[in-house]
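K.L.:
Protein chains in written order, with the working numbering: chain A, 1 to 181; chain B, 1 to 258.
Bear in mind the hints are in silico, worked out from the structure with no lab data behind them.
Here the structure is a predicted model, which means the values were calculated and not measured.
Treat each hint with caution, since some may be false.
Said to hold, decoys possible - As a list, the in silico PhoX-like pairs of lysine-lysine whose alpha-carbon atoms are at most 25 angstroms apart: (1) 53(B) / 85(B); (2) 47(A) / 36(A); (3) 53(B) / 151(A); (4) 86(B) / 151(A); (5) 53(B) / 100(A); (6) 100(A) / 88(A); (7) 85(B) / 36(A); (8) 86(B) / 53(A).
Claimed, not checked - What follows is a set of in silico ranges between Cβ atoms, one per label pair, in the way DEER data are often shown: (9) 70(B) / 73(A): 30 to 36 angstroms; (10) 136(B) / 64(A): 55 to 61 angstroms; (11) 113(B) / 42(A): 45 to 51 angstroms; (12) 42(A) / 11(B): 47 to 53 angstroms; (13) 53(A) / 59(B): 41 to 47 angstroms; (14) 5(A) / 70(B): 39 to 45 angstroms; (15) 53(A) / 117(B): 23 to 29 angstroms; (16) 117(B) / 5(A): 46 to 52 angstroms; (17) 56(A) / 43(B): 42 to 48 angstroms; (18) 83(B) / 73(A): 53 to 59 angstroms; (19) 65(A) / 49(B): 46 to 52 angstroms; (20) 42(A) / 222(B): 57 to 63 angstroms; (21) 9(A) / 70(B): 40 to 46 angstroms; (22) 65(A) / 82(B): 27 to 33 angstroms.
Glycine is no exception: its CB is placed at the ideal position from the N, C-alpha and C atoms.
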Amino acid sequence: MPQITQLAEVFASQLFWLAIFFGLIFFVIARGMLPKVRSTIDDPDAKVAEDLKQAQAARTGAEQTEAAWRERMDATRQDAARLAQEAKLASARETEARIKEALDEIDARVERARLRIRDAVASARVEMEVVATEAAQQMVQQLTGIKVDKKEASRAIEAQLAEVHLATPQRSEMPSKHIVS
Amino acid sequence: MAVQGKIDPMHQFAISPIAPLHLGRYDISFTTSAAWMLVAFLLIFGFVALGMKRELVPGRWQAAVEGVTGFVDDMVRVNIGPEGKKFTPYIFSLFVFILVSNLLGLLPLAILPGLHPFTTTSQFSLTGVLAVLSFSIVIIVGFWRHGLHFFSLFVPHGTPAVMVPLIAAIEFISFMVRPFSLGLRLFVAMIAGHILMEVFGSFIVSGLHGGAMGLGVSVLSFLFIVFVVALELLMCVIQAYVFALLTTLYLNDAVNLH
Numbered sequence: 001m002p003q004i005t006q007l008a009e010v011f012a013s014q015l016f017w018l019a020i021f022f023g024l025i026f027f028v029i030a031r032g033m034l035p036k037v038r039s040t041i042d043d044p045d046a047k048v049a050e051d052l053k054q055a056q057a058a059r060t061g062a063e064q065t066e067a068a069w070r071e072r073m074d075a076t077r078q079d080a081a082r083l084a085q086e087a088k089l090a091s092a093r094e095t096e097a098r099i100k101e102a103l104d105e106i107d108a109r110v111e112r113a114r115l116r117i118r119d120a121v122a123s124a125r126v127e128m129e130v131v132a133t134e135a136a137q138q139m140v141q142q143l144t145g146i147k148v149d150k151k152e153a154s155r156a157i158e159a160q161l162a163e164v165h166l167a168t169p170q171r172s173e174m175p176s177k178h179i180v181s
Numbered sequence: 001m002a003v004q005g006k007i008d009p010m011h012q013f014a015i016s017p018i019a020p021l022h023l024g025r026y027d028i029s030f031t032t033s034a035a036w037m038l039v040a041f042l043l044i045f046g047f048v049a050l051g052m053k054r055e056l057v058p059g060r061w062q063a064a065v066e067g068v069t070g071f072v073d074d075m076v077r078v079n080i081g082p083e084g085k086k087f088t089p090y091i092f093s094l095f096v097f098i099l100v101s102n103l104l105g106l107l108p109l110a111i112l113p114g115l116h117p118f119t120t121t122s123q124f125s126l127t128g129v130l131a132v133l134s135f136s137i138v139i140i141v142g143f144w145r146h147g148l149h150f151f152s153l154f155v156p157h158g159t160p161a162v163m164v165p166l167i168a169a170i171e172f173i174s175f176m177v178r179p180f181s182l183g184l185r186l187f188v189a190m191i192a193g194h195i196l197m198e199v200f201g202s203f204i205v206s207g208l209h210g211g212a213m214g215l216g217v218s219v220l221s222f223l224f225i226v227f228v229v230a231l232e233l234l235m236c237v238i239q240a241y242v243f244a245l246l247t248t249l250y251l252n253d254a255v256n257l258h
């Protein structure tokens, strides 16, 4: 077996050259070249990981922007709603005030007109009584020849009118047609 | 019959000097063995260099180199853990050197005149040195990291106190046997395969001179040798793997200590 018979003469040489070539493999290849090969393997992984991280960051940023935008939109919308509400309220109040004003004026005018009507009615009644009294005096004088005192006539007319009043109390303030006739 | 006498199955393991060289009283001649180590180194260098093109999408050579480095990285990570990373270059060197040396020994170079293959890993002067190197690293790392506590390696957890001396003795012996088993396993596997091939190769040659019966033996031997070569190719890979794997396992003991 040459491994045994030659051992003594070749061992130093074997050890020496093994140290050299195994050392070369260890230092030059395994420690010098392998890290570069490995970095090439790791590079795509690292690149993918980096890209993923960036994408994640971009996504987070976009989400934040969107959230901020939404918040702003909500705030703006609320502002707008509030402003609209206020405007609506203000205009409603204004309208109300103007309507009230107009109503008041109308009421006032109606009141004035009513007062005028009442005055007119009152004066008309007075005139009518005077006319009726004179007419009644003349009628009685012509028919009976009795000269009726103006006071009496006027009392009779008043009594007559009061009777009408009692019959139609609701229309007392308004000039009645059949009374006039 | 004259041919048969010439075939010496052990002759392939003989080392012959190529360039005589002396360092003091030591003979460090550049021998056939050293030449094949050089070839192994150059092949590994060329192979790894092909993997250094550093393309993002690896070509086939780069993928092959990345496959080998990834294989060694995985082996170290699985067996030692994250702390084993610094041993990766050593394990890689062991694995590729033994693998390439084993495979070089199987090259059919004898068909070229003046050449014959030589398997550096069939020399226990080489496998023994590698085994002792691995073993030394294990011991140094063990004592470096754990000091005298490293001796607790010989007392497995849960050993009854009475059994401790016996168990420790057995563990110590099995520990000390490691470099021998490591170096001898590779050496024996290589030498056995090569002797087997040489012997059956000689059967083919001598069978050709032995008439009809001899021809039958030749054919059978040829079929058998095809099978043996296939088996040897497998053995080359397995032995390189086993050597590297056992080294990582021993290193795991030293690094993680139970």
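K.L.:
Checking each numbered hint in turn, tell me which of them this model violates, lowest number first.
P.N.:
3, 4, 5, 8, 9, 13, 15, 16, 20, 22
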